[in-house]
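Trainee: Here's the letter readout for the chains.
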Amino acid sequence: MAQISREEVQHLAHLARLELTDEETAHYAEQLSAIVDAVARVSDVAAQDIPPTSHPIPVTNVFREDVAKPGLPRDEVAAAAPSWEDDRFKVPRILGED
Amino acid sequence: MAPVMDGDLVRQDAATLASAMQAGEVSSAEITQACLDRIDAVDGEVHAFLYVDKDAALASARVVDEQRASCAQLGPLAGVPLALKDVLTMRGVPTTCGSRILEGWRPPYDSTVVERLREAGVVILGKTNMDEFAMGSSTEHSAYGPTRNPWDLERIPGGSGGGSAAALAAFEAPLAIGTDTGGSIRQPAAVTGTVGVKPTYGGVSRYGLVALASSLDQAGPCARTVMDAALLHQAIAGHDPRDSTSINAPVPDVVAAARNADIRGMKIGLVRELGGEGYQDGVRQRFDEAVTVLTDLGAEVVEVSCPNFEYALAAYYLILPSEASSNLARFDGMRYGLRVGDDDQASVEEVMSQTREAGFGAEVKRRIMLGTYALSSGYYDAYYGQAQKVRTLISRDFAAAFDQADVLISPTAPTTAFRIGEKVDDPLAMYLNDIATIPVNLAGNCAMSVPIGLAPEDGLPVGLQIMAPALADDRLYRAGSALEQALVDKWGHELIEEVPAL
Amino acid sequence: MSSTTNTRMAFDQALERFEPVLGLETHVELGTASKMFCSCATEFGQDPNTQVCPVCLGLPGSLPVVNAVAVESTIRMGLALHCDIASWCRFARKNYFYPDMPKDYQVSQYDEPLCTNGYLDVTVATDDGPREFRVEIERVHMEEDTGKLTHAGGDTGRIHGADYSLVDYNRAGIPLIEIVTKPIVGTGALAPLVARAYVTELRDLMRSLGVSDVRMDQGSLRCDVNVSLAPAGEPWGTRSETKNVNSLRSVERAVRSEIERQAAVLADGGRVIQETRHFHEDTGETTPGRSKEHAEDYRYFPEPDLVPVAPSAEWVEELRGTLPEVPSVRRARLQEQWGISDLEMQTLVNAEALDLVEETIAAGVDQAAARKWWTGEFTRMANEQGVALADLGITSSHISRVESLIADGSLTDKLARQVFEGVVAGEGDVDAVIAGRGLVVVGDDSTLLAAIETALAEQPDVAEKIRGGKVQAAGAIVGAVMKATKGQADAAKVRALLLAHLGVEG
Ligand SMILES: [Mg+2]
Ligand SMILES: [Zn+2]
Numbered sequence: 011m012a013q014i015s016r017e018e019v020q021h022l023a024h025l026a027r028l029e030l031t032d033e034e035t036a037h038y039a040e041q042l043s044a045i046v047d048a049v050a051r052v053s054d055v056a057a058q059d060i061p062p063t064s065h066p067i068p069v070t071n072v073f074r075e076d077v078a079k080p081g082l083p084r085d086e087v088a089a090a091a092p093s094w095e096d097d098r099f100k101v102p103r104i105l106g107e108d
Numbered sequence: 003m004a005p006v007m008d009g010d011l012v013r014q015d016a017a018t019l020a021s022a023m024q025a026g027e028v029s030s031a032e033i034t035q036a037c038l039d040r041i042d043a044v045d046g047e048v049h050a051f052l053y054v055d056k057d058a059a060l061a062s063a064r065v066v067d068e069q070r071a072s073c074a075q076l077g078p079l080a081g082v083p084l085a086l087k088d089v090l091t092m093r094g095v096p097t098t099c100g101s102r103i104l105e106g107w108r109p110p111y112d113s114t115v116v117e118r119l120r121e122a123g124v125v126i127l128g129k130t131n132m133d134e135f136a137m138g139s140s141t142e143h144s145a146y147g148p149t150r151n152p153w154d155l156e157r158i159p160g161g162s163g164g165g166s167a168a169a170l171a172a173f174e175a176p177l178a179i180g181t182d183t184g185g186s187i188r189q190p191a192a193v194t195g196t197v198g199v200k201p202t203y204g205g206v207s208r209y210g211l212v213a214l215a216s217s218l219d220q221a222g223p224c225a226r227t228v229m230d231a232a233l234l235h236q237a238i239a240g241h242d243p244r245d246s247t248s249i250n251a252p253v254p255d256v257v258a259a260a261r262n263a264d265i266r267g268m269k270i271g272l273v274r275e276l277g278g279e280g281y282q283d284g285v286r287q288r289f290d291e292a293v294t295v296l297t298d299l300g301a302e303v304v305e306v307s308c309p310n311f312e313y314a315l316a317a318y319y320l321i322l323p324s325e326a327s328s329n330l331a332r333f334d335g336m337r338y339g340l341r342v343g344d345d346d347q348a349s350v351e352e353v354m355s356q357t358r359e360a361g362f363g364a365e366v367k368r369r370i371m372l373g374t375y376a377l378s379s380g381y382y383d384a385y386y387g388q389a390q391k392v393r394t395l396i397s398r399d400f401a402a403a404f405d406q407a408d409v410l411i412s413p414t415a416p417t418t419a420f421r422i423g424e425k426v427d428d429p430l431a432m433y434l435n436d437i438a439t440i441p442v443n444l445a446g447n448c449a450m451s452v453p454i455g456l457a458p459e460d461g462l463p464v465g466l467q468i469m470a471p472a473l474a475d476d477r478l479y480r481a482g483s484a485l486e487q488a489l490v491d492k493w494g495h496e497l498i499e500e501v502p503a504l
Numbered sequence: 002m003s004s005t006t007n008t009r010m011a012f013d014q015a016l017e018r019f020e021p022v023l024g025l026e027t028h029v030e031l032g033t034a035s036k037m038f039c040s041c042a043t044e045f046g047q048d049p050n051t052q053v054c055p056v057c058l059g060l061p062g063s064l065p066v067v068n069a070v071a072v073e074s075t076i077r078m079g080l081a082l083h084c085d086i087a088s089w090c091r092f093a094r095k096n097y098f099y100p101d102m103p104k105d106y107q108v109s110q111y112d113e114p115l116c117t118n119g120y121l122d123v124t125v126a127t128d129d130g131p132r133e134f135r136v137e138i139e140r141v142h143m144e145e146d147t148g149k150l151t152h153a154g155g156d157t158g159r160i161h162g163a164d165y166s167l168v169d170y171n172r173a174g175i176p177l178i179e180i181v182t183k184p185i186v187g188t189g190a191l192a193p194l195v196a197r198a199y200v201t202e203l204r205d206l207m208r209s210l211g212v213s214d215v216r217m218d219q220g221s222l223r224c225d226v227n228v229s230l231a232p233a234g235e236p237w238g239t240r241s242e243t244k245n246v247n248s249l250r251s252v253e254r255a256v257r258s259e260i261e262r263q264a265a266v267l268a269d270g271g272r273v274i275q276e277t278r279h280f281h282e283d284t285g286e287t288t289p290g291r292s293k294e295h296a297e298d299y300r301y302f303p304e305p306d307l308v309p310v311a312p313s314a315e316w317v318e319e320l321r322g323t324l325p326e327v328p329s330v331r332r333a334r335l336q337e338q339w340g341i342s343d344l345e346m347q348t349l350v351n352a353e354a355l356d357l358v359e360e361t362i363a364a365g366v367d368q369a370a371a372r373k374w375w376t377g378e379f380t381r382m383a384n385e386q387g388v389a390l391a392d393l394g395i396t397s398s399h400i401s402r403v404e405s406l407i408a409d410g411s412l413t414d415k416l417a418r419q420v421f422e423g424v425v426a427g428e429g430d431v432d433a434v435i436a437g438r439g440l441v442v443v444g445d446d447s448t449l450l451a452a453i454e455t456a457l458a459e460q461p462d463v464a465e466k467i468r469g470g471k472v473q474a475a476g477a478i479v480g481a482v483m484k485a486t487k488g489q490a491d492a493a494k495v496r497a498l499l500l501a502h503l504g505v506e507g
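Protein sequence lines correspond, in order, to chains A, B and C. Last residue of the first sequence: 108 (the working numbering), numbering continuous. Last residue of the second sequence: 504 (the working numbering), numbering continuous. Last residue of the third sequence: 507 (the working numbering), numbering continuous.
A few of these clues could be false.
[Stated by the list, open to error] Cut-off 25 Å, straight-line C-alpha distance, at most; resulting in silico cross-link-like pairs (DSS-like, lysine-lysine):
| hint | chain 1 | residue 1 | chain 2 | residue 2 |
| --- | --- | --- | --- | --- |
| 1 | C | K149 | C | K95 |
| 2 | C | K149 | A | K100 |
| 3 | C | K466 | C | K415 |
| 4 | C | K415 | C | K484 |
| 5 | A | K79 | C | K149 |
| 6 | C | K494 | C | K471 |
The hints are simulated quantities; they were obtained by calculation from the structure and are not laboratory data. A quick note: this is a predicted structure, and the numbers were derived from the prediction, not measured.
Could you build all of it, start to finish, from the sequences and the hints given here?
Mentor: Listed below in structure tokens is the structure:
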């Protein structure tokens with residue numbers, strides 16, 4: 011039985027940048043445990059010698075010619091930005107780094 | 003010459019409308035206006051659309067009419083209106099994916115599907131409602147409120163493409179585009195009595211399709227008839243160099259296949275694991291009757307076994323959330339969309355977290371966390387890694403089954419449309435809706451849902467799923483069209499005509 | 002005892018007690034015309050956010066497509082580093098949130114790099130002559146660069162203390178190759194020099210392959226320097242990872258600084274913390290950054306939007322055929338061919354004159370003369386003008402012409418220097434400068450003899466000495482003649498004429 015604790019939910023929420031409420035944390039801890047229990051059965055069948063499939067259709071070597079083309083007009087890029095200054099995206103201060 | 007059509011414009015199928023336009027009986031502007039009027043009249047109740055651009059739709063209809071007047075060579079769907087799922091980008095038109103986090107975002111570029119629709123002269127009416135980021139089977143998880151099933155407004159229209167399916171069933175549009183990650187085209191088609199096709203993975207470009215799970219997502223046609231679906235399929239499919247996973251091969255001639263609806267000698271495999279327990283009685287009954295019809299049409303029905311399908315749902319609910327947790331990371335409030343908590347004091351990390359907390363709904367957050375868990379170090383091998391092995395096993399099951407049969411069939415969904423609110427916070431119950439549709443997404447091959455009648459116990463539509471090997475999409479149309487014709491002959495009308503008046 | 006102390010142990014002392022282990026992770030921007038996964042241009046220094054599109058901005062719905070030249074460049078680099086080229090590999094997503102990363106994941110390669118298991122031989126000069134080290138390469142893989150952050154507000158211009166930041170995504174999606182070494186052991190006190198020599202060699206290799214012009218001043222080569230010290234009797238120490246060391250000199254200094262710092266920590270009974278550190282150009286020291294005690298969980302998984310890369314054996318062989326000679330092999334060959342010493346070769350390499358000299362020799366100029374010009378006069382001129390030697394404007398045909406004029410006596414060395422000054426000043430080719438400046442060797446015997454007689458008359462005592470057999474005194478007269486002819490005479494000829502005139506044996 012997978013038991014996903016509230017602490018673990020908090021850790022996952024941090025990795026995923028979700029600021030969960032306490033109520034949500036408790037709720038998700040319960041639901042995620044149940045879901046993980048239900049999906050854990052993938053381990054029942056998949057033996058070591060079975061190759062994993064990441065791409066459903068086996069295509070390889072799809073490349074693009076190295077030719078530069080114009081991108082988007084900057085005013086269209088700026089139009090979508092929640093905050094914009096000096097031709098750049100303005101973002102809140104970054105902590106945790108020197 | 004007899005008129006191509008009679009009766010209400012909005013109830014006509016796309017092929018009929020196209021012929022009428024070619025015959026000069028009606029203009030695209032008239033058809034488009036009729037659809038817009040219908041949307042005005044019924045969408046308050048149905049809520050299939052999130053955005054309708056009347057002026058733009060009428061303008062593009064008039065362009066087609068002018069082109070036709072000047073004898074230009076037009077595609078078979080030129081001038082026919084269409085409802086576009088709000089998960090595909092369209093330049094300058096709001097694209098929300100049913101989420102608050104993208105509210106107000108107007109993409110600066112067209113998806114390839116939209117580009118091809120424009121080239122085909124298809125008139126895009128607007129954007130349809132969906133479960134947020136296509137996560138759901140009921141369209142209840144839209145941040146903009148649920149869509150209702152035209153067959154019974156208290157019931158769900160399926161999901162995630164409930165808006166597109168409901169628009170068809172409510173006669174708001176003759177054509178629609180859906181996307182199918184685990185059944186989001188087929189299951190809504192089944193519960194609304196319409197036709198929906200998930201093409202072979204890579205058959206339709208994903209460029210401009212806001213990704214849920216990249217290795218599973220596929221856009222496809224939604225319509226009221228198999229022929230209409232084929233015409234739309236033809237218009238949007240084909241290689242696109244902007245999508246690395248796009249197949250560089252000719253599109254199977256699906257229109258010819260729909261026209262040549264002869265299944266004599268076709269081997270049809272009945273998948274033992276997709277039926278029986280857990281399937282509603284009325285669903286099973288209609289399915290069994292349809293099998294008899296197929297046999298009567300000269301097909302040879304055999305039973306096949308796909309033992310690993312039992313694990314498909316589990317594998318799917320590891321692979322999908324994993325890919326989704328990564329695909330949805332970009333919604334962080336930095337470059338577009340919602341930003342919450344930026345008070346000049348909060349750090350970028352806090353603003354990202356508050357934005358995502360406020361901008362995503364419960365189901366999206368649930369799946370992001372599940373995916374984050376499945377990919378995290380220590381769990382990857384047991385969950386994501388194992389799920390990918392199950393994927394291999396499912397492909398092998400399909401390969402073995404297709405050695406015995408040309409196409410496979412099953413009920414599309416285990417039940418008819420359930421009531422709004424019934425399963426909304428019971429994820430495991432909700433996930434079971436996709437039990438029959440998921441294997442195809444995992445293996446990458448193609449499938450269609452066609453209506454096969456109403457369940458006796460609730461009078462709601464039932465769909466039959468046809469599955470074909472990768473790149474053999476034409477087989478879906480051959481079998482689907484044959485079944486459709488036989489049933490229409492049997493009933494004396496199309497099933498969709500039984501939708502109650504709104 | 003924490004690792005934040007600035008205490009350092011003297012380098013020599015540190016090396017007596019500990020054995021350094023190095024690891025280098027080098028990111029280099031490839032010189033492709035377009036980005037790694039989209040068609041945006043890669044030009045440096047353009048206006049912010051003018052080389053962006055839905056793909057490199059990570060807009061919803063956009064999809065990546067791999068740049069063929071980036072793959073070829075990586076394979077060629079792998080081959081040049083003697084790596085195995087994977088017959089099948091995938092891209093992976095490295096998931097973490099950061100505002101300079103448009104998708105909040107980086108498309109990179111994880112457990113399936115394109116190239117693995119290679120090596121690069123480097124040479125460092127020691128007091129006992131040159132020593133060669135083989136640096137083993139763990140992997141070479143492809144990935145995409147991030148956008149560029151500018152920190153605003155606050156007063157430092159640094160990230161710490163800034164009120165907010167601004168992001169330019171022009172750099173986002175520029176193709177990078179990352180080259181990771183295996184642990185480099187056994188270098189002892191030469192560790193800083195080996196690190197520097199390795200990065201230098203890597204840079205030269207990339208340039209010779211033409212896969213990148215490696216403009217370190219523009220940040221197109223960035224090095225993460227891992228250093229650990231193995232205390233005597235212990236096989237391995239905890240390593241620190243110094244990020245973004247962006248010049249050759251800094252690589253050397255960062256290694257030295259970390260050895261001195263870690264030695265002090267260990268000697269004091271402390272423990273080295275596994276952490277990311279930052280190198281400061283001004284002080285030559287490192288300071289702690291993010292602690293790696295709680296390692297970030299990147300949740301790598303195969304990138305589903307890109308299909309696997311599976312280079313065929315034929316393709317790899319075709320690319321192998323395009324490889325130029327490895328720089329070290331080429332140097333050895335040229336040294337042998339020209340018959341020059343290690344030191345002379347080192348001088349050429351340091352002056353970045355090897356290509357130019359080789360070209361000049363190919364144009365028919367004597368090797369000694371070619372080397373002399375490029376490492377002497379031309380290097381001085383380039384330094385003076387602050388330009389690269391190759392950008393001076395002097396070509397091998399200029400040199401070849403000047404050398405032939407010297408050979409037939411039409412120019413002297415001194416005049417030749419003036420000719421080159423004219424060429425660099427844009428006065429035209431060799432003959433145009435000679436004509437324009439009137440640079441003619443005063444060559445006819447009668448003019449020279451007249452000047453010799455004048456000089457002898459002015460310095461009778463010197464004349465006497467020469468007549469008396471003191472031939473070395475002739476220099477004073479030759480000097481006077483050269484001065485009188487404004488340097489436009491051939492000194493050797495003047496000397497010969499003088500001695501003959503005085504009837505003295507040279
Ligand atoms: Mg890297
Ligand atoms: Zn771009």
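Trainee: Indicate, hint by hint, whether the structure satisfies it.
Mentor: Now for the hints, and whether the structure bears them out:
Straight-line distance between C-alpha atoms of K149/C and K95/C comes to about 19 Å, which keeps the hinted pair within the 25 Å bound. Of the pairs offered as hints, the one joining K149/C and K100/A holds, with about 12 Å between alpha carbons and a cut-off of 25 Å not exceeded. This hinted pair does not check out: K466/C and K415/C have alpha carbons roughly 28 Å apart, beyond 25 Å. Between K415/C and K484/C, the direct Cα distance comes to roughly 12 Å. Compliance with the 25 Å bound is thereby established for this hinted pair.
Distance check on the hinted pair: K79/A and K149/C sit about 21 Å apart at the alpha-carbon level, within 25 Å; holds. Note on K494/C and K471/C: the hinted pairing holds, with a Cα-Cα distance of about 19 Å set against a maximum of 25 Å.
In the structure shown, a violation is registered for the earlier hint numbered 3 alone.
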